[in-house]
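Top line first, the protein sequences correspond to chains A and B. Using the UniProt record's numbering, read the first sequence as starting at 1 and increasing by one per residue. Using the UniProt record's numbering, read the second sequence as starting at 1 and increasing by one per residue.
Just so you know, not all the hints are guaranteed correct.
A pair holds if it fits inside one copy or across any two, identical chains being indistinguishable in the list.
[Claimed, not checked] Here are the simulated lysine to any residue pairs, SDA-like style, with alpha carbons at most 25 Å apart:
hint : residue 1 : residue 2
1    : K240      : P306
2    : K231      : L207
3    : K280      : G55
4    : K286      : A305
5    : K231      : P23
Bear in mind the hints are in silico, worked out from the structure with no lab data behind them.
Number of protein chains: 2
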Amino acid sequence: MKGTVGELGEFGLIRELTSRITPTPAVRIGPGDDAAVVTAPDRRVVASTDILLEGRHFRRDWSTAYDVGRKAAAQNLADIAAMGAVPTAILLGLVVPAELPATWPTELMDGLRDECQVAGAAVVGGDVVRGDTITVAITALGDLRNAEPVTRGGAQPGDVVAVTGWLGWSAAGYAVLTRGFRSPRAFVEAHRRPEPPYHAGPAAAGLGATAMTDVSDGLVADLGHIAEASKVRIDLASTKIDIPTQMSDIGTAVGVDPMQWVLNGGEDHAIVATFPPDVKLPARWKVIGEVLHPSALPQVTVDGAPWARAGWDHFGDNGDAESPPRGGSVAPGGGR
Amino acid sequence: MKGTVGELGEFGLIRELTSRITPTPAVRIGPGDDAAVVTAPDRRVVASTDILLEGRHFRRDWSTAYDVGRKAAAQNLADIAAMGAVPTAILLGLVVPAELPATWPTELMDGLRDECQVAGAAVVGGDVVRGDTITVAITALGDLRNAEPVTRGGAQPGDVVAVTGWLGWSAAGYAVLTRGFRSPRAFVEAHRRPEPPYHAGPAAAGLGATAMTDVSDGLVADLGHIAEASKVRIDLASTKIDIPTQMSDIGTAVGVDPMQWVLNGGEDHAIVATFPPDVKLPARWKVIGEVLHPSALPQVTVDGAPWARAGWDHFGDNGDAESPPRGGSVAPGGGR
Chain A
1 MKGTVGELGE FGLIRELTSR ITPTPAVRIG PGDDAAVVTA PDRRVVASTD ILLEGRHFRR
61 DWSTAYDVGR KAAAQNLADI AAMGAVPTAI LLGLVVPAEL PATWPTELMD GLRDECQVAG
121 AAVVGGDVVR GDTITVAITA LGDLRNAEPV TRGGAQPGDV VAVTGWLGWS AAGYAVLTRG
181 FRSPRAFVEA HRRPEPPYHA GPAAAGLGAT AMTDVSDGLV ADLGHIAEAS KVRIDLASTK
241 IDIPTQMSDI GTAVGVDPMQ WVLNGGEDHA IVATFPPDVK LPARWKVIGE VLHPSALPQV
301 TVDGAPWARA GWDHFGDNGD AESPPRGGSV APGGGR
Chain B
1 MKGTVGELGE FGLIRELTSR ITPTPAVRIG PGDDAAVVTA PDRRVVASTD ILLEGRHFRR
61 DWSTAYDVGR KAAAQNLADI AAMGAVPTAI LLGLVVPAEL PATWPTELMD GLRDECQVAG
121 AAVVGGDVVR GDTITVAITA LGDLRNAEPV TRGGAQPGDV VAVTGWLGWS AAGYAVLTRG
181 FRSPRAFVEA HRRPEPPYHA GPAAAGLGAT AMTDVSDGLV ADLGHIAEAS KVRIDLASTK
241 IDIPTQMSDI GTAVGVDPMQ WVLNGGEDHA IVATFPPDVK LPARWKVIGE VLHPSALPQV
301 TVDGAPWARA GWDHFGDNGD AESPPRGGSV APGGGR
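Build the full structure now, drawing on both the sequences and the hints.
So, in structure tokens, the structure goes:
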């Protein structure tokens, strides 16, 4: 496809975008009407929304449109999974400049579609408008399949803390990219295209998880949300947290403690949950800490002591080169 | 509240926004977790999304933040109603500059909340990020209550075309505003704050509507979407379309045929539907035309003849001072 978004025109662009969509049996009415209709067999629907801006959440010189689509879908679908639900659908609100090559939004849609397919969901609708800054607003929907939603608020003292998925890979990839490198590829790819363990969310609900979230702001920060909502303290055991050799090597090369990436790096969308102490967890879950009664210590500690850098307020100025810019995190119902 | 969004900080702003929300019994889990949970008793959920940009869809010197909130919610909730569903929830994706007064997003939220209350819905979640252009991305959800969704595709030759709600009021108000006036207030208010007849959507479904949409791009354009999807022609009878005296007076004052506003003006979010010819419609519905077999004529005619200006492609340059800028209209599942 040649030309710009402006040359293609609104209706031409919408045709191109919708032609790329693969429906699932859950989609009763897809794009093209006033609204979409998606099955919600549980009689409850789980919904979350996020906004990504060019320059703030992605860079076109670092990520292809396809990667941005994969990532935008992934971070929203991970929010659905982190409630214990199975993702069913996403809707796309898209702002594009008229001079943008028309391939950018169509490749974005390819990425959205493919990530949806990984999670078992489908793109069901959207809106496209012209504006100065590329903006990708995603809303994801999901179904609980008769499970009770797992919130951040149910962790109990005595519970274990367990995680599944990748930790610190995206942050390490970001550190590499900010220094002008494009490798090691595995980490750069992890930054461009996270791989949330979608299946683990509903599985954790079935295993009796008492609290759950996906790791989007960083493990310590996101566990802080659980600790806050559950009114508990969480202590992590650094000895139980694996750092891959290759990540250590990057840390040495760039002069950063890789534990920083693992504990503070977000955007990998690992799933972290608390479980009753007698739970039998499948092998892909790793117990990394325990839930304690609240104390004078910070809500999340590592080896019983405060961990320095835990948190991200992107309206403030606490960002640094080790931490990629992120969207508003714990926004109402739309936390990452 | 004093200060800017930047001074308030991300978490402070989120606190302010969520404190303004009024939940309904349909909200099982509201703001503050990875995702919201909303009841969907019908086992299907209706979903639509729209994006509004400052400068393109609203102007801060013409509309208060409260009005923008009312309007943003209204246009999305109207999409839900136009499927025959009852609105249940909206999610907000919000981009705000750091230097924006903090009262702007909080008053926006007040507007969203109040419009949701009119429709019986609630704000259940969102995301807030910092950026240059104020952007309001809304996703609305709804429940069909065992009705079948009414799409744009079911109109049959012989059906009557009926409308309920306001037509041309927003466009007349826009014409007034573009000329530097602030009155007549009723029309300016209609532009700032549409009043979609939400109840009429599910009611029309119950009355056996064969096709339905809300009027967001203009009556002729939106009926064109029905005609296209239903593969029919629609003929409107100009004698059946009332023009209020006050609107005629404005037309005379500014030199515009008010029929232009009624037939091409969008954003009032009236609901237009087709019904079998023997339908008994309540008094608030007005029959304005009929559904015919397709012919060589345009898909929508007025008194059997083509009507000049029908359509809006906001990526193109067909806007003029009589037509307010609008968002992408018939976007997949997110048509206005």
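A quick look at each hint next to the structure:
1. Proximity of K240 and P306 under a CA criterion of 25 Å is satisfied intra-copy only: 17 Å inside one chain copy versus 74 Å between copies.
2. In the homo-oligomer, the alpha carbons of K231 and L207 lie at most 25 Å apart inside one protomer (22 Å), although the nearest pairing across protomers, at 52 Å, exceeds that limit.
3. Within a single copy, K280 and G55 get their C-alpha atoms no closer than 43 Å, and across copies no closer than 56 Å, so neither meets the 25 Å cut-off.
4. In the homo-oligomer, the alpha carbons of K286 and A305 lie at most 25 Å apart inside one protomer (21 Å), although the nearest pairing across protomers, at 71 Å, exceeds that limit.
5. In this assembly of identical chains, the alpha carbons of K231 and P23 lie at most 25 Å apart only when taken from different copies (23 Å versus 42 Å within one copy).
In this structure, the one hint that does not hold is number 3.
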